[in-house]
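Enquirer: What follows is each chain in one-letter form.
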Amino acid sequence: MLDSMKARASFSTFAIELVILMIALGGCTNGVDRAVFVTKTSLSVLDVDSTPPSISVAYDRTEGFFGPSYQSGGIPPVVGIVRSDGKVLNPKVQQLYATGNAARVISGVKANGDDDLSGDKKNLFFGTSTTTGLKIGFDATTTGSVIPNSFIFGFRRKEYSVLPLGKKADDKSDNYPSVLAAIDNSGEAGVSESGNKPFAGLKISQYFATGIAATNLAGSVKDEFGEATEDAFGEYRATLQKQRLLAGEILYCYSAVPVSKRLAVLADAVRLELLPAEDDGAGFQDMKKALEDPAVYDRENNIVRKPDIVAQIDGTYAHNVYPGADGFDAARTRLMEIHKKSVCETASATE
Amino acid sequence: MHSKIIPCSDCEKEKELIEQNGRATVLECVVLDEDKNKPKGNQRCRITWKMKAIS
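Just so you know, the sequences run in chain order A and B.
So the first sequence is residues 1 to 351, counted in this note's numbering.
So the second sequence is residues 352 to 406, counted in this note's numbering.
So here's chain A without its partners, still in its complex pose (with noise of 0.2 Å):
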């Protein structure tokens, strides 16, 4: 009870918020002569160190509807769209708002499409707040590679609607106006060719939409994210997600294992299935050879002779690793996992 009462406030707090930020921006308003849209976005690259090695970038956008809605269900249109390609540097940043006319045209719609306004008014309220932050780690290694060995990434997102159901013509059955509030960000963390550059991401894709332009949007928003809704893609996803985030954990532990003990554990991933043994050139056998020869690696002095090709080693070790992860291969699950055990038992024997 007392948790619902907690719910119910944290959700009261912020539509409160929210309403504040509307009638500042939008001016006093009695909601059913006028509409109030508000959006409100901050992408910001927030530390890119380069000792150690790392990247913060935090998102943050509010969208907020405030205003009338008919008795015929229908709802004044307004679309607001931001995309980013997760760049750090040189981002592509796409942002879009539109009302009325235009919302409908961008939606799919013809202007003065066949939405119905008309009936008596009531006020509605539709909002969202969303915060995503991502920040990795990457460990410069004894050979000048770097390798992700951190990956934090938080979300929060509150969405809340207050609508007066609307009467349909037959004047006997309720009509729930049309509102769409969808998100779709993803964080990644990777290195350059050359393995000494590190690079992050945070793609974000949001769309934020009310009456008619929001039930044109559901339609391709729904192809975009219909994969989610399948339960045999869900299973995979899911299964995707613990792999990725194991080949973290793997990857953290490989960087704080020394090169005179990277053989043994490339061995145990070949033995597990995880990385092949020949691989024209990029398999195990390759490795070994390199790693065996003194002009790369001096094992009796432990001097790595050439540091670029033992980043290569790290990078094609952490491709098979990470990249390679099989989300319709549950059962590479538990290699990983006891790859994971064997990788961090050799960092931390060698601490």
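These are calculated hints, taken from the structure and not from any lab test.
Ideal Cβ placement from N, Cα and C applies to all residues, glycine included.
Where hints are given, some of them may not hold.
Which bits of chain B does chain A cover? Going by a derived footprint, with three or more residues having C-beta under 8 Å, they are [what the hints assert, rightly or not]:
#	stretch
1	366-374
2	399-405
SDA-like, lysine to any residue: derived pairs with alpha carbons at most 20 Å apart [unchecked claim]:
#	chain 1	residue 1	chain 2	residue 2
3	A	K288	B	K403
4	B	K355	B	V382
5	B	K364	A	I183
6	B	K364	A	L245
7	B	K401	A	G283
Using the hints, position chain B against chain A.
Expert: For chain B alone, coordinates are given in the frame of chain A:
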């Protein structure tokens, strides 16, 4: 050569992920024969890629 099955809607994303550090090149991402008649959102694809040799 490497390959794995993914939802076809993930082809572009996986291609970017696989090629991002320059250690691999994606060769193709094709719909499985048994999924060709399924709705687009339900189709699975086989993505195939090749690793760059260590040199």
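Enquirer: Okay, which hints does this one fail, numbers in order?
Expert: When the structure is compared with the hints, none of them turns out to be violated.
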